[in-house]
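Next come the chains, spelled out residue by residue.
2 protein chains.
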Amino acid sequence: MTGSVTGSTTGAAAEPIGGRPIRVALLGCGTVGTQIVRLLTEQADELAARIGTPVELVGIAVRRADRHREVPAELLTTDAAALVARDDVDVVVEVVGGIEPTREWLLTALRAGKSVVTANKALLAEHAGDLFTAADASGADLYFEAAVAGAIPLLRPLRESLAGDRITRVMGIVNGTTNFILSAMDETGAGYAETLDEAARLGYAEADPTADVDGYDAAAKAAILASLSFHTRVTMGDVHREGISAVTPADVAAARGLGRTIKLLAICERVEAADGTASVAVRVHPAMIPRSHPLAGVGGAFNAVFVEAEAAGQLMFYGQGAGGAPTASAVLGDLVAVARNRVVGGRGPRESAYADLAVRPIAQASTRYHISLDVADRAGVLAAVAAVFAEHEVSISAVRQEGRTSDASLVIVTHSAEDAALRSTVDKIAGLPFVNRVVSVMRVEGEDQ
Amino acid sequence: MTGSVTGSTTGAAAEPIGGRPIRVALLGCGTVGTQIVRLLTEQADELAARIGTPVELVGIAVRRADRHREVPAELLTTDAAALVARDDVDVVVEVVGGIEPTREWLLTALRAGKSVVTANKALLAEHAGDLFTAADASGADLYFEAAVAGAIPLLRPLRESLAGDRITRVMGIVNGTTNFILSAMDETGAGYAETLDEAARLGYAEADPTADVDGYDAAAKAAILASLSFHTRVTMGDVHREGISAVTPADVAAARGLGRTIKLLAICERVEAADGTASVAVRVHPAMIPRSHPLAGVGGAFNAVFVEAEAAGQLMFYGQGAGGAPTASAVLGDLVAVARNRVVGGRGPRESAYADLAVRPIAQASTRYHISLDVADRAGVLAAVAAVFAEHEVSISAVRQEGRTSDASLVIVTHSAEDAALRSTVDKIAGLPFVNRVVSVMRVEGEDQ
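Order-wise, the sequence lines are chains A and B.
If you're matching positions, the first sequence starts at 1 in the working numbering and goes up one per residue.
If you're matching positions, the second sequence starts at 1001 in the working numbering and goes up one per residue.
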């Protein structure tokens, strides 16, 4: 019998393949796919030794077959659906991206007992549940290390190494484009639009940068991280998302003045209520962090993720978050894992969503805030502003007042407060007669609450 | 049939256990063992959900049964051999340490098809080959994430996530005691002996600190890291080992003067000769690193490990390297993995030693060196010293000369040079008439060569 177990609904592992090669279909041959083909060729002997049997690439699905001179022409096909359905495919590796028709191809593969390795964060953030259900029914593996933080081994540690612990918080920089832009704004003092243009010119931003700068990419990754960390299905719609387009030079300067810098963070938290009920909060937004924080020094294409667990304490993972070769490394690590499982007849971890925790709305999320106001320079302003904070039960941690000619700037950092309370506070303050302008409102992370 | 597959020599995975609990024997109940028992109890429901069946602790082997009031008395036994041999044990978790009789217990377990989770770095650094052979013969799993860098998920990434890549270098701080001592010497300027006493008083050093300060602990971890990274059996005897007892306040001051700090590093390198032949070099020694290097800021009980791979690039892993709860977290992650394998009838990765690379002697290792000399303050000294370097083909990168009353200090930093050439150079320089004393010779890491 071959590696394709069809129609089984036992959830048992696929049968061992014996001594024949593991046959792989590759969907997509762009930057990452090309590197996968290169590494499969260059490291063929090593991969065979590690797996216990050779890997054979049996087909590569691309959009236009005449544009891929760097891979063997006889492997190319424009019919991905037919490639996926072939009887002689054990594993489907997908680096096409997008939701449809990719979702349908991967479901077809999984239902037929073919293991899937994918780097498709958008698809996983929306449809991981369907994919896992299909994998579980046929006993196939579903691996996706490359979907979050590129080459950094992060999902396997969350899914496996920390499986005996309770993860409480994940906080990281998981998008390189926004990290490049915010770092550049911090260095040059330039505005957002201008810096985005520069990033596009240097190849750090796409022609349509929406997915990156509006936080969709980071939100998809946050959904995946939260699902694995908290054993709960979390999808894109559960993630509170704010991009970086509203970050101003004034915000950047305000952060700098307080020894902080601004980063776009993906944050996944397990929150325990007084009655012991746990829930999860997942959000992506720019935030000020202290310059002394390890995440503050993470620049350019690098990603870094902090993980806090009850027994393990604080862990950090750092490495390249994107790029052809780094992403291909993560894909091939997964390919070796699913191939080994085929060889010995086992399988990797299934979906773990038993905890099924509720997702808290952003209004209930608690963080510290930095608020910068442009106010009239007269006595009693601070007292009036402080009264509004007190009224909304938002506690003030620090205040700095700086006079200019006729106006003054007032900077307030709060203790941890609920988002909803803070929004109401700011709304009311904006309407006070001596407040000229709310210059900046930004969350503060990476400090004691 | 139960989960214990006896006598099989096929290397196939153990059979699924069906719906009954996974039965665990714990060897050792000190700091780590106590935390394992606590977490197994407190997180019983979560572990069962993640594994697919409950975990049942069926026995705890200790040296003296009357000293463990914190665990259920009916589980305690002083006969570890009998506990390991029990028919109703699926998994043996070992946190006793030491080579014998632990080795015999674990071999017995593995030969009987019982999976083993161990934190025993000394045993693995000497006898991993025997243990893997026994595991392979019966189809049992052997996991040991807790043996290196405590809670940090490091071995699973090396063994699995990077299995599709080629690791070229691993460099890390993997011993907390020496890291505490070196950090304190750097901060206070105090001597080694005095700082060691202080470390012992604060509980950071054992009564007999030999294993830590002489580098045995780090060397064992280096052997394990090198074995996994380079698919080659590397044992303690292959690791060049220098401890920290010879580090002087003068070394520390010299490092500081050059913007560096001293750390005990474990370094595993894959070296490729001109003819393409690869070999590995594994060493543990104190080295100067730039204060700007991420490892320079790693303090106290924390460990951090850099990994470089051809496709993935540079990765860093950071977290708590020791302590009861962090180590227990790593052990339980492994326990969940081997238990899951039992539930689905699969197994984890076996030993991968196919590459079987040669180990290079330290004399052939190339690093940069920092040499500090106490010399007579007269003309021509630098020229004469430089001539000795040239004669041994050791290239000088930087020189600093500082005059005092009648003597002067001469600090030389070399380009990358072979250890043997450097030793000969220093021997000859020490014999020059105007060289009063060789104050410090230390390797420099973490900079371009």
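In case anyone wonders, no lab produced these hints; they're calculated from the structure.
Heads up, the beta-carbon is just placed ideally off N, CA and C, and yes, glycines get one too.
Misleading hints may appear alongside valid ones.
Pairwise CB distance ranges (calculated) [what the hints assert, rightly or not]:
1. B:1133 / A:67: 36 to 42 Å
2. A:30 / B:1021: 44 to 50 Å
3. A:202 / B:1249: 43 to 49 Å
4. A:20 / B:1364: 41 to 47 Å
5. B:1364 / A:203: 37 to 43 Å
Covered, in the sense of this in silico footprint (three residues per stretch, anywhere, with C-beta under 8 Å from a C-beta of chain B), are these stretches of chain A [claimed, not checked]:
6. 40-48
7. 335-341
8. 350-357
Verification of the hints:
For residue 1133 of chain B and residue 67 of chain A, the hinted distance range of 36 to 42 Å is not satisfied, since their beta carbons lie about 50 Å from each other. Residue 30 of chain A and residue 1021 of chain B have their C-beta atoms about 48 Å apart, which keeps the hinted 44 to 50 Å range intact. Take residue 202 of chain A and residue 1249 of chain B: their Cβ atoms lie about 47 Å apart, and the range 43 to 49 Å holds. Distance hint for residue 20 of chain A and residue 1364 of chain B: a CB-CB separation of about 42 Å, consistent with the stated range 41 to 47 Å.
Between residue 1364 of chain B and residue 203 of chain A, the C-beta spacing of about 41 Å keeps the proposed range 37 to 43 Å intact. Chain B is given as covering the segment 40-48 of chain A, and this holds because 3 residues of the stretch bring a CB closer than 8 Å to a CB of that chain, at least three being needed. Look at the segment 335-341 of chain A against chain B: 5 of its residues bring a Cβ nearer than 8 Å to a Cβ of that chain, three or more, so the hint holds. Coverage of a stretch by a chain is defined here by at least three residues with a beta carbon nearer than 8 Å to that chain's beta carbons; for the segment 350-357 of chain A and chain B the count is 3, and the condition holds.
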